[in-house]
Amino acid sequence: MIGYLLRWQLLFLKRDLLSIKGMIPLLANIAFQVILLTSLFASPQDFADNLTMVVIYASAFAISQTTTMYAQALEVTSSGLLGIAPIPARPRVAMAMFEMLVTVTLQAFVISLGLGIGLMGQVNVLGGLLVWILSFFAALFLYGGVAVGFTAFITIVLPAKYRKSAAALTSMLYVVAMILYLVVKHRFPDVITRFADVFINTAAHGFGPEGQSVWFFGSMLFGLVLGMVPMAWAYGKILLQTTPSANTDSKTYNSRIVPRGITQIFFWRERIAFTRNHTLAAVLVIGIVVVMLIPSGFNTFFFIYLGVQMGAFILSIGHPKSLALIYTTPMMPSKIWTSRIIALLPITSIGTVAFLFASILHAGGISIAMAICDILLPFAGLFGVSFTLMLDPSMFTTTSRKKQSIAKVLTSTILFSFVPLGLGFLCDSQPWIGVVISVGIIFGLLFYGTRVLNTKKSVRYLFQ
Amino acid sequence: MRELLRARGMYRNFDGFTAVQGVSLELYEGEIVALLGPNGAGKSTTMRMLTGLLEPTQGEVSYCNYDLSHDVLEAKHQFGFVADEPMMLSALTGLEYIQFVAGLYGCSSEEILERANPLIDRFALRASIHKRATSYSHGMKQKLALIAQLAHQPKVLVADEPSVGLDPGSAAAMQDIFRAYASFGNAILLSTHLFDMAQSLATRIVMMAGGHIVADGTLTELTKSGESLHQVFMRLTGEAAMTS
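Protein chains in written order, with this note's numbering: chain A, 1 to 464; chain B, 1 to 244.
No lab work stands behind these hints: they were computed from the structure.
Backbone N, C-alpha and C fix where the C-beta goes; we use that ideal spot for every residue, glycine too.
Be aware that a few hints might be false.
As the list claims (entries may be wrong) - What the simulated footprint calls covered on chain A by chain B, stretch by stretch (three residues with Cβ under 8 Å from a Cβ of chain B suffice, anywhere in the stretch; the number is not a length):
1) 87–100
2) 255–265
3) 273–285
Unchecked claim - With a straight-line cut-off of 20 Å between C-alpha atoms, the simulated PhoX-like cross-links for lysine-lysine are:
4) A:251 - B:155
5) A:321 - B:141
6) A:321 - A:185
7) A:335 - A:456
8) B:141 - B:131
9) A:251 - A:335
10) A:251 - B:131
All chains should be built: construct the whole structure from the sequences, respecting the hints.
Next comes the structure, spelled out in structure tokens:
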């Protein structure tokens, strides 16, 4: 049964990852890791300090992503079609483990590769290679172990109805890791140096006998124990776990009166969604904390990341199929786009102001050019990403045509990762050029983008 | 009688497969037309083309003389669409959902409430109208979607299997509402697999098979040979399957 399910699981994963919908979160993760890892190359004089910070931040991020994936996979295998099928519990766990393994392998690969390349350049080529290999396996076991162990722990400790929050709880891990890092750096700076030395010394000795390698194997073992012990403890409970698939929200709300005018209606709906769904507010708060705590050199990326995230909400009003409801109403696509952008502007503006405030507080002042560029970045991201999503309706459907998918994956990689990263770097190094490009993106799309949206048939007929 | 919907020579190809072949259809004031056909007959594709969600490979659609591909906004003002799967929006309560949808057609809040309130009561949704629509059962969502589309008073209502998931009482209520709505000079096109509903509700029945219209007429016209509607359906759709 396990072999049978995993074969299907592999097919689902392959199709999911080859679709834009599956690719976007993955690319966003990789982009975030790349942003962190680039700091290793950004300032060679602080290499050791940066290395510890990057390893801790990237690991916290990878662990929260892996845990989320594992918790969701466990939920999927115990609900819906799989939940009612006569599948023994052990294959269900195997399916979730397999899905988690794909995520953790990717995360461990990106982080260890970045570390390896950093050490190849700073210390020793062969040593960098060795650290890459060792840290890959260490990260694989450690991240996977924490994900499995934490989810098992949650299963035992939390009542069933709160288990869905397990994924959200791990996001807090990121904030905790950052605070912990800053406290340790301030109070015990030698701990930070010793942590970095494990990597640097291992790389410095190349392929010679390594005492430091024990650390990596120790990490693997630690990860294994972290995963196995709570898992063994909670195994019976996990096997019996079933997840209710229906939304059982029976709360009564004060239904609000709709205003007149399409833009006002979208704005009204966004306000309701924001006040009733606290996820976005939580994400904003975490973002502000991140900007406050993370070294100043990264702040610019958080501004563009905010814009990219807000732009991705352009058609998020319900299930993708529900978009048919909007597309049958008497509105041109440009009107849908601009109205939705206006609805998203307040949250984008609040985020921008909060990020700017946090950024200035943290850095102790920034140049006017940098401030203007930082302010414009989220809006450039909002306009650029939302326009791209409006332009390519197939973002909301999966396609089985492999060739088409790969082309789209490449396009979206460029649009959602490289362009924002490039713009972020530009704002950091040449802020006025960044300002000109951001203004160009915003006004260019407002003037020409609206015409394109109205004339392109694939936009008008979203459900072709 | 005034023509409210006109579809002429609609074709739709999907990667070499022709799902709809030369379908022409008119709907007049006061008509309730039932679209019958086996699975894969092309009913949903036809409905998607009629509602502007899918571009016909060939052919044209117009509502009240407004061409759907040229006078897009005017044409879209004339019809409402209830899909086979209710299209819900996150975060909104049932009442807010109705207001949101009808508001997009330019209706004021007062107009919407005035039109929706009797339908909310008729469909027994009053107790849950201030709860999140996403927490409703399938049947409740379907009734809500129907109210939202009727609240902006379209001239033509296109409904893809609207009775799926409805309890018998709600299904009967829906039929009464449809009859009353058509009697005000509007028209309804609904696809269904329920022969009872087609016979009791529809003023005209259109049968599709293999992407073609194989029959179009009143119940009396279709059954004049003495066959039951079911027998006519089986004969015509069977013949179409044989020829295709």
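Next item on the list: Taking the numbered hints from earlier one at a time, note which ones the structure violates and give those numbers from smallest to largest.
Entry: Of the numbered hints given earlier, those the structure breaks are 1, 4, 6 and 9, listed in rising order.
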